[in-house]
Amino acid sequence: MPASAQDTTPYWIGSTSMPVFKKLSRDERVDVVIVGGGITGLTAAYLLTRAGRSVAVLERGRCAEIDTGHTTAHLTMVTDSRPSQLVKAFGRDHAQAVWDAGLAAIGQIEAIAHGEGIDCDFASVPGYLHAPRDPSKQKDKVDFREEARLAADLGFDAAFVEDVPLMGVPGVRFEDQARFHPRKYLEGLARAITSAGGQIYEHSEACEFCDEPLSVKANDCTIACKDVMLATHNPLVGLNNIAAATLFQTKLALYTSYVIAGRITPNAVPDALFSDTGDPYDYLRLERHRDHDLVIFGGEDHKTGQVDDTNKCFDALQKRLEALLPGIEVTHRWSGQVIETPDGLPYIGETADHQFAGTGFSGNGMTFGTLTGMMAADKIAGRTSPWSDLFDPRRKKLRGAAWDYVKENKDYPYYLVRDQFAGAEARSLREVPRGSGKIVEVKGQKLAVYRNDRGVITKRSAICTHMGCVVDWNEAERTWDCPCHGSRFKTDGAVLAGPAESPLAEPK
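Numbering (the numbering used here), first residue to last: 1 to 508.
Simulated from the structure, these hints should not be mistaken for laboratory data.
Be aware that a few hints might be false.
Calculated lysine-lysine pairs in the DSBU-like style (CA-CA distance at most 35 Å, straight line) [said to hold, decoys possible]:
1. 379 - 438
2. 184 - 303
3. 397 - 226
4. 396 - 251
5. 459 - 184
6. 184 - 23
7. 184 - 379
8. 217 - 22
9. 303 - 137
10. 141 - 396
11. 251 - 312
12. 438 - 508
13. 397 - 88
14. 319 - 139
All chains, full assembly: derive it from the sequences and hints.
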């Protein structure tokens with residue numbers, strides 16, 4: 001039966017449940033207090049607990065129920081701004097860095113899902129950026145051949161498509177995008193956090209922040225800490241003064257986006273991400289089931305509060321979906337909120353001393369939310385992120401700033417970013433020749449596989465034990481070498497040269 005106009009429960013919330021966490025009921029002391037239990041906050045909590053920090057997450061309601069619970073869960077590097085627009089506004093290196101950041105976030109989600117054994121329907125799929133099926137929705141001319149050429153020139157796997165599957169219009173196909181079930185993912189993430197000693201408190205609204213000594217109050221209890229992270233989509237005042245926080249919030253524009261979901265025959269729609277270049281744009285993806293596919297279709301964006309009859313937005317969206325897929329059985333409708341910034345890039349970074357925040361993710365909430373968690377963990381651990389200046393909340397205009405992205409970040413995960421998602425060199429041990437080595441992906445894990453001259457195989461993790469980069473095979477020396485910081489390993493994984501101190505791990 002179709003959902004009624006009054007029923008706007010997102011599919012994600014109705015199809016799974018999150019663990020229940022207790023309220024904060026006593027004073028605590030931790031290294032980091034994280035305010036917000038969506039993908040941003042839980043990603044940061046996971047990475048920080050893995051790094052040995054003590055963490056407390058404060059969620060005013062239930063985890064993964066508000067913004068993360070209302071997403072459509074596209075995992076894509078493709079931003080609302082096309083490659084040509086990014087290059088024109090920010091220059092080539094900044095444009096490349098923006099999309100690299102999205103790839104890094106997808107890689108982080110995939111790595112966590114595989115590493116923790118989280119069954120969250122994660123799948124790598126292609127993404128299509130295409131012309132709208134209704135030409136009247138295209139407000140400016142788009143040269144999709146040029147967009148594909150430019151994206152490829154920036155190092156991304158992109159190709160022009162004359163006839164995009166399902167849509168029947170020209171566009172660009174991007175490889176290595178992904179989809180997942182966000183609540184299943186965060187359920188696994190939450191369990192991993194608490195298993196590692198992290199604390200998650202629900203129905204515990206952060207109501208007071210103090211900087212001397214640094215602490216956060218909730219439920220009449222105080223948590224003392226060293227750092228605060230605001231992971232609330234629209235940032236709280238936190239440790240800022242009211243004037244500074246108000247000025248910051250005036251830079252943000254909030255939009256409502258609508259979603260219609262419905263059942264369709266399995267395999268009737270390609271398993272891919274679709275987004276058109278209309279204004280506002282439509283976007284579509286699948287969620288696979290045994291006996292049907294669920295099509296999730298969104299659009300009709302407008303500034304929040306500026307449409308009188310929001311049911312008309314749902315109705316217009318449903319009409320387009322039914323025209324695209326006649327006979328679809330509509331089952332869900334809901335809306336979410338996205339936040340735009342003046343220049344189209346998110347604000348991610350310190351907003352006060354020992355306070356980190358992220359906002360303005362536009363249509364890339366899952367990727368930029370994950371990236372914010374990654375960058376917060378880096379900052380608190382004393383590491384410099386390649387994207388810290390790019391997304392700095394205090395940034396000035398970026399265009400014209402001289403920046404060699406690759407050169408300036410050669411000692412951080414620029415290579416890690418690319419290698420995490422770059423396909424393995426081989427998919428089978430049989431592809432490794434005698435006297436040589438290759439990176440082989442086995443059950444989602446990248447392995448450094450060496451076959452000696454007699455045909456005996458040695459398998460080790462391909463992840464460098466220094467800072468997590470993927471090693472490369474050195475054919476001349478028959479060693480595994482790290483492109484990030486120069487560590488070298490023997491074929492059996494033993495350290496040949498630092499800075500790594502531990503051998504390559506045995507496969508899991």
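Here's how the hints hold up against the structure:
no., hint, result
1, 379 - 438, "holds (34 Å)"
2, 184 - 303, "holds (30 Å)"
3, 397 - 226, "holds (32 Å)"
4, 396 - 251, "holds (13 Å)"
5, 459 - 184, "holds (31 Å)"
6, 184 - 23, "holds (22 Å)"
7, 184 - 379, "holds (28 Å)"
8, 217 - 22, "holds (16 Å)"
9, 303 - 137, "holds (18 Å)"
10, 141 - 396, "holds (29 Å)"
11, 251 - 312, "holds (29 Å)"
12, 438 - 508, "holds (18 Å)"
13, 397 - 88, "holds (13 Å)"
14, 319 - 139, "holds (21 Å)"
In the structure shown, no violation is registered for any of the earlier numbered hints.
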